[in-house]
Amino acid sequence: MSEIKKFYLTSEGFEKIKKEYKNLKDLRLLKIRGEVPKIWQSEDLNPEYLSFREDLSFLESRIAELEYIFKNVELIKPPSKEKQNIVNLGATVGVEVEGQRDEFKIIGPLEANPSLGKISNESPVGRALLGHRVGDEVIVSSPVKTIYKIKKIRYLS
Amino acid sequence: MKNILDFLIKVGKLKEKKRRGWVLRNVKNPETIADHTFRMAMMSWLLGEQRKLNINKIIKMSLIHDLCEVYSEDITPYDKLLPKDKRQWKEMFNKWPRLPKKEKEKIFLEKYKKENEALEKLILKLPPPLKKEIRNLWIDYEEGLTREGRFVRQVDRVENLLQALQYWKKGKQFAIESWWIQIEELVDDPILLEFIKVLDKKFHQK
Numbered sequence: 001m002s003e004i005k006k007f008y009l010t011s012e013g014f015e016k017i018k019k020e021y022k023n024l025k026d027l028r029l030l031k032i033r034g035e036v037p038k039i040w041q042s043e044d045l046n047p048e049y050l051s052f053r054e055d056l057s058f059l060e061s062r063i064a065e066l067e068y069i070f071k072n073v074e075l076i077k078p079p080s081k082e083k084q085n086i087v088n089l090g091a092t093v094g095v096e097v098e099g100q101r102d103e104f105k106i107i108g109p110l111e112a113n114p115s116l117g118k119i120s121n122e123s124p125v126g127r128a129l130l131g132h133r134v135g136d137e138v139i140v141s142s143p144v145k146t147i148y149k150i151k152k153i154r155y156l157s
Numbered sequence: 158m159k160n161i162l163d164f165l166i167k168v169g170k171l172k173e174k175k176r177r178g179w180v181l182r183n184v185k186n187p188e189t190i191a192d193h194t195f196r197m198a199m200m201s202w203l204l205g206e207q208r209k210l211n212i213n214k215i216i217k218m219s220l221i222h223d224l225c226e227v228y229s230e231d232i233t234p235y236d237k238l239l240p241k242d243k244r245q246w247k248e249m250f251n252k253w254p255r256l257p258k259k260e261k262e263k264i265f266l267e268k269y270k271k272e273n274e275a276l277e278k279l280i281l282k283l284p285p286p287l288k289k290e291i292r293n294l295w296i297d298y299e300e301g302l303t304r305e306g307r308f309v310r311q312v313d314r315v316e317n318l319l320q321a322l323q324y325w326k327k328g329k330q331f332a333i334e335s336w337w338i339q340i341e342e343l344v345d346d347p348i349l350l351e352f353i354k355v356l357d358k359k360f361h362q363k
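If you read the protein sequences in the order shown, they are chains A and B.
Position one of the first sequence corresponds to residue 1 (my numbering), numbered consecutively onward.
Position one of the second sequence corresponds to residue 158 (my numbering), numbered consecutively onward.
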């Protein structure tokens with residue numbers, strides 16, 4: 001965590017990690033007091049809790065990680081109207097690839113889920129699309145040269 | 158102890174279950190789910206060290222990520238699209254499948270539900286702490302809740318790319334393009350992106 005890095009989050013994603021942070025702080029307090037949190041006996045355990053139960057230092061490191069995210073978070077907001085024709089973070093981009101239509105939402109790594117069409121802005125395709133407009137042909141070259149034709153850009157306010 | 162033994166006997170089935178993606182592509186004597194899991198755990202460990210991740214957690218997560226396939230099918234992204242005529246399959250595999258957003262969400266949820274039920278059935282009689290740990294590691298992996306979850310999910314795809322490149326290099330019986338196209342959309346971890354460049358160099362550049 002030595003390099004300073006911005007964490008781009010939607011407001012929904014930001015709320016989610018604020019909640020996690022609060023839960024972890026409560027858990028740390030209980031652990032320091034030597035109490036067994038009731039939540040561990042629940043069947044609906046949040047994965048975070050279980051991973052940290054054996055290891056207070058790891059719990060501390062996750063709390064520190066979240067604090068680091070809070071310090072460097074930047075909420076994704078739709079750009080001004082005149083810039084809404086350019087692909088930026090938070091944009092939903094309609095593309096044509098290999099003769100097929102697809103749609104991606106360009107989002108930060110913390111919230112990316114390619115199976116649901118949410119592509120990280122740090123992936124090669126996410127990075128390549130940023131800054132382009134409708135009508136542009138974006139070339140992504142791995143060993144395979146793939147052309148993404150931008151058909152549509154939209155932002156949800 | 159008996160319940161752990163029963164669990165291990167069931168998990169042993171993954172040593173025989175062939176990965177469906179290769180079966181569909183007629184790869185001779187393809188890897189099993191356990192083969193993929195083994196190398197994925199190794200890859201998570203070796204590359205995860207460089208990301209200063211919780212190695213204990215990512216190795217366990219890799220080991221359990223496909224356990225549900227003891228009972229559930231090995232689902233591929235092409236399943237919903239395969240034409241009845243098998244002669245058309247080869248052409249279909251040349252492209253990475255593209256689906257509308259709603260269809261993506263539907264497939265994601267259906268797969269999640271099926272695999273979750275299969276996992277629950279498999280771990281049902283394990284001692285509660287182990288059961289909970291496996292369940293929570295799987296949820297973290299599936300949803301990418303933590304750095305480790307997001308990393309292992311990407312390692313899964315990179316291990317698959319490595320295997321695809323090895324089969325492709327050997328027999329060239331399928332097109333490799335769709336693997337590269339998907340990987341450029343799925344992976345954003347800097348260490349894995351660096352590793353992918355090494356794969357490119359090893360398998361494509363003379």
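Simulated from the structure, these hints should not be mistaken for lab results.
Small disclaimer: the values here were computed from a predicted structure and weren't measured.
Any given hint might turn out to be false.
[Claimed, not checked] Far from chain B, by Cβ distances over 12 Å, these chain A residues were calculated:
1. K31
2. R127
3. Y155
[Unchecked claim] DSSO-like cross-link-like pairs, simulated, lysine-lysine; straight-line CA separation at most 27 Å:
4. B:K354 with A:K16
5. B:K288 with A:K118
6. B:K326 with B:K174
7. A:K151 with B:K170
8. A:K19 with B:K288
9. B:K174 with B:K209
10. A:K83 with A:K5
11. B:K170 with B:K270
12. B:K270 with A:K149
13. A:K149 with A:K83
14. B:K209 with A:K22
15. A:K16 with B:K247
Yeah, the Cβ is synthetic: ideal placement off N, Cα and C, and Gly gets one too.
So, going through the hints one by one against the coordinates:
1. No beta-carbon of chain B is positioned within 12 Å of the beta-carbon of K31 (chain A); the least distance is around 17 Å.
2. Against the 12 Å criterion, R127 (chain A) falls within the reach of chain B, whose nearest CB is about 9 Å from its own CB.
3. The beta carbon of Y155 (chain A) sits about 16 Å from the closest Cβ of chain B, which is more than 12 Å, so the claim that it is off the interface holds.
4. Simply put, K354 (chain B) and K16 (chain A) have alpha-carbon atoms about 34 Å apart, too far for the 27 Å limit, and the pair is violated.
5. Distance hint between K288 (chain B) and K118 (chain A) is unfulfilled; the C-alpha atoms sit about 31 Å from each other, more than 27 Å.
6. Restraint check for K326 (chain B) and K174 (chain B): satisfied, since their Cα atoms lie roughly 23 Å apart, inside the 27 Å limit.
7. This hinted pair does not check out: K151 (chain A) and K170 (chain B) have alpha carbons roughly 47 Å apart, beyond 27 Å.
8. Of the pairs offered as hints, the one joining K19 (chain A) and K288 (chain B) holds, with about 25 Å between alpha carbons and a cut-off of 27 Å not exceeded.
9. The suggested pairing of K174 (chain B) with K209 (chain B) is violated, with an alpha-carbon distance near 33 Å, which exceeds 27 Å.
10. Note on K83 (chain A) and K5 (chain A): the hinted pairing holds, with a Cα-Cα distance of about 24 Å set against a maximum of 27 Å.
11. This hinted pair checks out: K170 (chain B) and K270 (chain B) have alpha carbons roughly 21 Å apart, not beyond 27 Å.
12. Proposed proximity of K270 (chain B) and K149 (chain A) is contradicted: the alpha carbons are some 34 Å apart, above 27 Å.
13. About 19 Å separates the Cα atoms of K149 (chain A) and K83 (chain A), which keeps this hinted pair within 27 Å; it holds.
14. For the suggested pair K209 (chain B) and K22 (chain A), the alpha carbons sit about 24 Å apart, so the restraint of at most 27 Å is met.
15. The straight-line distance between the Cα atoms of K16 (chain A) and K247 (chain B) is roughly 43 Å, outside the 27 Å bound, and the hint therefore fails.
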